[in-house]
Amino acid sequence: MKKGQFILSVLVANHAGVLTRISGLFSRRNFNIDSLNVAVTEDPLFSRMTIIARGDEAVQEQITKQLDKLHDVKKIELLTPEKTVLREHLLLKIKVTKKTRGEIVESVNIFRGRVVDFNLDSLTVEVTGESDKLDAFIKFVSQFGILEMCRAGALAVKRGAMADDSDK
Amino acid sequence: MKATGTKVIIETLIEQGCDTVFGYPGGAVLNIYDELYRNSDKIHHVISAHEQGAAHAADAYARVTGKAGVVIATSGPGATNLVTGIANAYLDSSPIVAITGNVALPLLGKDSFQEVDITGITMPITKHNYIVKDVNELADVIREAFKIAQSGRPGPVLIDVPKDVQTAVCDFENKKPEKMERICSVTEKQLEQVAKLISESERPYIYCGGGVVISQAGEEIEKLAAKIDSPIGFSMMGLSAVSADNPYWLGMTGMHGRYASTKANSEADLIIAAGVRFSDRATGNKSRYTQYAKVVHIDIDPAEIDKNISAYFGLIGDVKTVLTKLLAKLEKKTHTQWMDKIQQMRIQEGIQFVKDGVMHPKDIIEKVMEYTDENTIVATDVGQHQMWVAQYYRFKKPRTYLTSGGLGTMGFGMGAAIGGCFASGCKKTVLFTGDGSFGMNLNEMATAVSNNLPLVILIFNNGVLGMVRQWQNTFYDQRYSQTTLNRKTDFVKLAEAFGATGFRVMDIKMLKEALDTAFKTQGPVVIDCSISQDEKVLPMIPPGGSIDNIITR
Ligand SMILES: Cc1ncc(C[n+]2csc(CCOP(=O)(O)OP(=O)(O)O)c2C)c(N)n1
Ligand SMILES: [Mg+2]
Numbered sequence: 046m047k048k049g050q051f052i053l054s055v056l057v058a059n060h061a062g063v064l065t066r067i068s069g070l071f072s073r074r075n076f077n078i079d080s081l082n083v084a085v086t087e088d089p090l091f092s093r094m095t096i097i098a099r100g101d102e103a104v105q106e107q108i109t110k111q112l113d114k115l116h117d118v119k120k121i122e123l124l125t126p127e128k129t130v131l132r133e134h135l136l137l138k139i140k141v142t143k144k145t146r147g148e149i150v151e152s153v154n155i156f157r158g159r160v161v162d163f164n165l166d167s168l169t170v171e172v173t174g175e176s177d178k179l180d181a182f183i184k185f186v187s188q189f190g191i192l193e194m195c196r197a198g199a200l201a202v203k204r205g206a207m208a209d210d211s212d213k
Numbered sequence: 073m074k075a076t077g078t079k080v081i082i083e084t085l086i087e088q089g090c091d092t093v094f095g096y097p098g099g100a101v102l103n104i105y106d107e108l109y110r111n112s113d114k115i116h117h118v119i120s121a122h123e124q125g126a127a128h129a130a131d132a133y134a135r136v137t138g139k140a141g142v143v144i145a146t147s148g149p150g151a152t153n154l155v156t157g158i159a160n161a162y163l164d165s166s167p168i169v170a171i172t173g174n175v176a177l178p179l180l181g182k183d184s185f186q187e188v189d190i191t192g193i194t195m196p197i198t199k200h201n202y203i204v205k206d207v208n209e210l211a212d213v214i215r216e217a218f219k220i221a222q223s224g225r226p227g228p229v230l231i232d233v234p235k236d237v238q239t240a241v242c243d244f245e246n247k248k249p250e251k252m253e254r255i256c257s258v259t260e261k262q263l264e265q266v267a268k269l270i271s272e273s274e275r276p277y278i279y280c281g282g283g284v285v286i287s288q289a290g291e292e293i294e295k296l297a298a299k300i301d302s303p304i305g306f307s308m309m310g311l312s313a314v315s316a317d318n319p320y321w322l323g324m325t326g327m328h329g330r331y332a333s334t335k336a337n338s339e340a341d342l343i344i345a346a347g348v349r350f351s352d353r354a355t356g357n358k359s360r361y362t363q364y365a366k367v368v369h370i371d372i373d374p375a376e377i378d379k380n381i382s383a384y385f386g387l388i389g390d391v392k393t394v395l396t397k398l399l400a401k402l403e404k405k406t407h408t409q410w411m412d413k414i415q416q417m418r419i420q421e422g423i424q425f426v427k428d429g430v431m432h433p434k435d436i437i438e439k440v441m442e443y444t445d446e447n448t449i450v451a452t453d454v455g456q457h458q459m460w461v462a463q464y465y466r467f468k469k470p471r472t473y474l475t476s477g478g479l480g481t482m483g484f485g486m487g488a489a490i491g492g493c494f495a496s497g498c499k500k501t502v503l504f505t506g507d508g509s510f511g512m513n514l515n516e517m518a519t520a521v522s523n524n525l526p527l528v529i530l531i532f533n534n535g536v537l538g539m540v541r542q543w544q545n546t547f548y549d550q551r552y553s554q555t556t557l558n559r560k561t562d563f564v565k566l567a568e569a570f571g572a573t574g575f576r577v578m579d580i581k582m583l584k585e586a587l588d589t590a591f592k593t594q595g596p597v598v599i600d601c602s603i604s605q606d607e608k609v610l611p612m613i614p615p616g617g618s619i620d621n622i623i624t625r
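From first to last, the protein sequence lines are chains W and V. To get the numbering used here, take the position in the first sequence, counting from 1, and add 45. To get the numbering used here, take the position in the second sequence, counting from 1, and add 72.
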């Protein structure tokens, strides 16, 4: 997590337009959003959004309260980084030659990634982890030449068995 | 029973207690209008000249009755014409339910004739909105829309209904409308802490906003003032909450507030703010605003607490409920020194006021007050005339004052006066407007005449966009860019062309004669009042300034 960043886990109604409503609120209220991830939950009536936003405590409070006012928002949790499992997902296409292939594969292994596609002159790998880890990996392999990069916003769940306890 | 979508719409409107709707027909709502035709004995539809006028009328209807106002418009341009009216209602927390037609489902997204994404357009200016794609959901969506519009902090809700959903058939049963509950999440401990803070205060100031009007908490505010011996100030939206005859009344505070109210606000050691949102127009420089004062902020919307001003205590809940609980914890107090000081401020305010010219706006307003009573609905447009009304009209009862606060919408007045008049049971209604603002929606004169509405419309005719000109005078070295209108419009003939009566008055004597006739006339009357183009709204605090920068002449 970077300075000033915080994690919101938002349970929303799963129907058309909800994503626009949420992202629209951020731009309208002049809030910063760093990443947003959304997909349906185990209950098809709801989707979960994981939002990484930025701002001081006052901004954090305003974002939470303003989100809470949206009719489609069912539950909001502010997750503390220490008590949260946070994962990002990276797909990276890297340029390879006969000479560099070995070193690249080795680095993928060190970062516990996987090779998912394989060509004569390129390798596509996937790596999962916290933001810093992915940054470090990208930095390392950039020397070989990055052909394409695709990185998903963070997913987050609270550690421990307790489900959401900060109900709306 | 089996019902079509349009039947569902009309039945649920009736079920929700709606008997008057404003709107304008068109291709995508033909079926709704057909159903209205058959139910004209149950729902009175008022056709406006323009959908914006209908939206303002619905907004005003809601402000006067406290019930959601309903407006209907066709797809495309009909829907986009509502946008300003919806935004206006949103910023002033007024409950309206807007129903728009849209093209049939298979045509959606194809840039079909008169298709716009009105839910997309109105997302940031509604509390919530819907596009209903399944007729089976329609009835509950409308019920939910009324609930959202009227509960908590009220606001507009829009429902977009594609044409084939209007004709589709479903099962329908009437349901009783849900009762609105007064929300309050304040704890005993909080109340005790606030009571302690109030008992320690030497210079309290009660600050009332629109929330007090909405919550009908004027009585509790008066009790509070009497109990803790505290003056009462108002935001523009809160003005009618407490009668101007109350001895603690100081009137509006802020940029164009009355001197004593703004001064007392800035010198208080405790601001008890109820149903306000601390708009920049009301506070000016925010750090100076709370330099000496702690703030107790009572509001139903949790997001308002600490949004603009950080509160020492935030009490979340319906203002009336919170105040009733708080009153029980308070002890009687007197603040002789502070009240003496307030008296000095009032005297100062009186001395500051100087007027020249033949007919000062204050004179016009005071003359009109001789004809109106405490129940008369008074609407305004936006500009200097609006501020003069806020400063000088002595409102006595909540829900009698209709003005565009948050959005500052020129052109609000005519629609608002019409909606307000209908809501009052077609009693005499007064509109104070400006020559600029009136130009924006004077087409609604046609609506007023068609319905023979007893409107008395006073145009403060200074020949200029006075409010903008005042800023140009004060902050732009008198470069009057595009604000000197001096149009050749003859408002008397214009009124007559619409089928109304018109007068032009140059002085108070002529005004009196015109008012004598106007208050006896059944239909709308326009009184074009000639005033000086250089008259300023005073006092004024420059934007971002404070009482230390107040301009009094
Ligand atoms: C729709 C709209 N456009 C522009 C403005 C900016 N504006 C605020 S007050 C004002 C002048 C209003 O003129 P008039 O109605 O004659 O009132 P006066 O100030 O002269 O009393 C203008 C242009 C506005 N508030 N609303
Ligand atoms: Mg003018």
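Read the hints as simulated data drawn from the structure, not as lab findings. Be aware that a few hints might be false.
Claimed, not checked - Going by beta-carbon spacing under 7 Å, a handful of chain V positions derived as facing chain W:
hint: 1; residue: HIS200
hint: 2; residue: PRO374
hint: 3; residue: ALA375
For every residue, glycine included, the Cβ atom is placed at its ideal position computed from N, Cα and C.
Hint by hint, here is what the structure shows:
| no. | hint | result |
| --- | --- | --- |
| 1 | HIS200 | holds, 4 Å |
| 2 | PRO374 | holds, 5 Å |
| 3 | ALA375 | holds, 4 Å |
Every hint, counting from the list given before, is met by this structure.
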